[in-house]
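Q: Sequence:
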Amino acid sequence: MANEKLDLAARAAWMYYVAGNTQNEIADHLGISRQMAQRLVAYARESGLVKVRVEHPVSTCLELAAALQLRYGLEQCHVVPSMGAGDKVVDDAGVQQMLAVVGAEVMERYLQQETPLVVNVGSGRTLKAVLEAVTEMERPQHRIVSMVGAIAADGSSNRYDVALTAADKIQARFFFLPAPLVADNAEDMRQWCSHRVYRIVADLAQHADVTFVGVGTIAPGCPMHEDGFITAEEVAQLQGYGAVGEMIGHAIAGDGRLIASPLEDRVTSLPLTSPPTRPVIGMAGGVKKAEAIRAVLRGGWWSGLITDEYCARYALRDE
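According to our numbering, the residues represented by the sequence shown are 820 to 1138, in order.
The set of hints was computed from the structure by calculation and includes no laboratory data.
All figures in this text were calculated on a predicted structure; none of them were measured in a lab.
Hints are supplied without guarantee of correctness; some may be wrong.
[What the hints assert, rightly or not] 25 Å max Cα-Cα, derived PhoX-like pairs, lysine-lysine: (1) K947 <-> K1107; (2) K870 <-> K947; (3) K824 <-> K870; (4) K1107 <-> K907.
[Unchecked claim] The following label-pair restraints were derived from C-beta to C-beta distances: (5) D826 <-> L1023: 34 to 42 Å; (6) H1014 <-> D1046: 17 to 25 Å; (7) G1061 <-> T1096: 20 to 28 Å; (8) D1007 <-> A1079: 12 to 20 Å; (9) A861 <-> K1107: 26 to 34 Å; (10) D1137 <-> E894: 17 to 25 Å; (11) R1015 <-> Q854: 55 to 63 Å; (12) P1094 <-> Q854: 49 to 57 Å; (13) Q932 <-> V1016: 26 to 34 Å; (14) E957 <-> D1074: 39 to 47 Å.
Beta carbons are placed, not taken as given, at the ideal position from N, Cα and C, and that holds for glycine.
With the hints as constraints, model all of the structure from the sequences given.
A: The following block contains the structure:
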């Protein structure tokens, strides 16, 4: 039944996007209602059957990407448009959707390789959106490694640990960290990280051919606070240390340095290296993340970046 729906959706999408038929014409051709034709076209987009490309590059975004590469020594950079007339900024959902399309294209360049790869994957909403946009393929020779603890604060699985999604997309092996993102105390963190399975996964991650990570904010209501990994008091404490963002739980100051704090002593995520010795590609955007993205760039934690126009301009400010 599912295959029949996909087949019908593909026919409707082909008629709409390639042949230029209206939804009324599609309904007539397929013998269905106009409402059904509309739903099938939407379903085709949601299922990844349709890939939309705009061939004409936005010159401003290309210039911003080049400027970011030059200033921060990036090996690659992609900037999606997010600003309209009067410098109006696209909402975060719209930005995330555009980042997902470009991020998926970049990620697929690596995943499509026949040579076996070890691929590190961070966590977060943007990476989740990117992976949902990645085309399914058969690459069982690759190994996908999660950089964050697989256990949430309440003992359930960490819903933003997206490495399993990546592995499912390409039918590859999946390696997860058997630990909570934030341990109860420093001694618990050492015990989690000294576990034999943890050490095996950590060693594999050190040999990764490419790493994909996101970045989060540190502020009241930020994802780590909202999802129960840290308390409001710990958010305030981190801000007191100068934290403006975090990568896989590690707090970053505005100048890009990793913050030494009581919380850092409890984070079980894999360690970060600056500058990276192998490709580390950051994927993040939206007004709220602008300061965090600039901080990570200042710290030299990434070799590549996929972001939006507003964040690119912010990162290039002289201040």
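Q: Next, verify each hint and record whether it holds.
A: Here's how the hints hold up against the structure:
no.: 1; hint: K947 <-> K1107; result: holds (18 Å)
no.: 2; hint: K870 <-> K947; result: holds (18 Å)
no.: 3; hint: K824 <-> K870; result: holds (18 Å)
no.: 4; hint: K1107 <-> K907; result: holds (15 Å)
no.: 5; hint: D826 <-> L1023: 34 to 42 Å; result: holds (40 Å)
no.: 6; hint: H1014 <-> D1046: 17 to 25 Å; result: holds (24 Å)
no.: 7; hint: G1061 <-> T1096: 20 to 28 Å; result: holds (27 Å)
no.: 8; hint: D1007 <-> A1079: 12 to 20 Å; result: holds (18 Å)
no.: 9; hint: A861 <-> K1107: 26 to 34 Å; result: holds (29 Å)
no.: 10; hint: D1137 <-> E894: 17 to 25 Å; result: holds (23 Å)
no.: 11; hint: R1015 <-> Q854: 55 to 63 Å; result: holds (57 Å)
no.: 12; hint: P1094 <-> Q854: 49 to 57 Å; result: holds (54 Å)
no.: 13; hint: Q932 <-> V1016: 26 to 34 Å; result: holds (27 Å)
no.: 14; hint: E957 <-> D1074: 39 to 47 Å; result: holds (44 Å)
The structure is consistent with each of the numbered hints, conforming to all of them.
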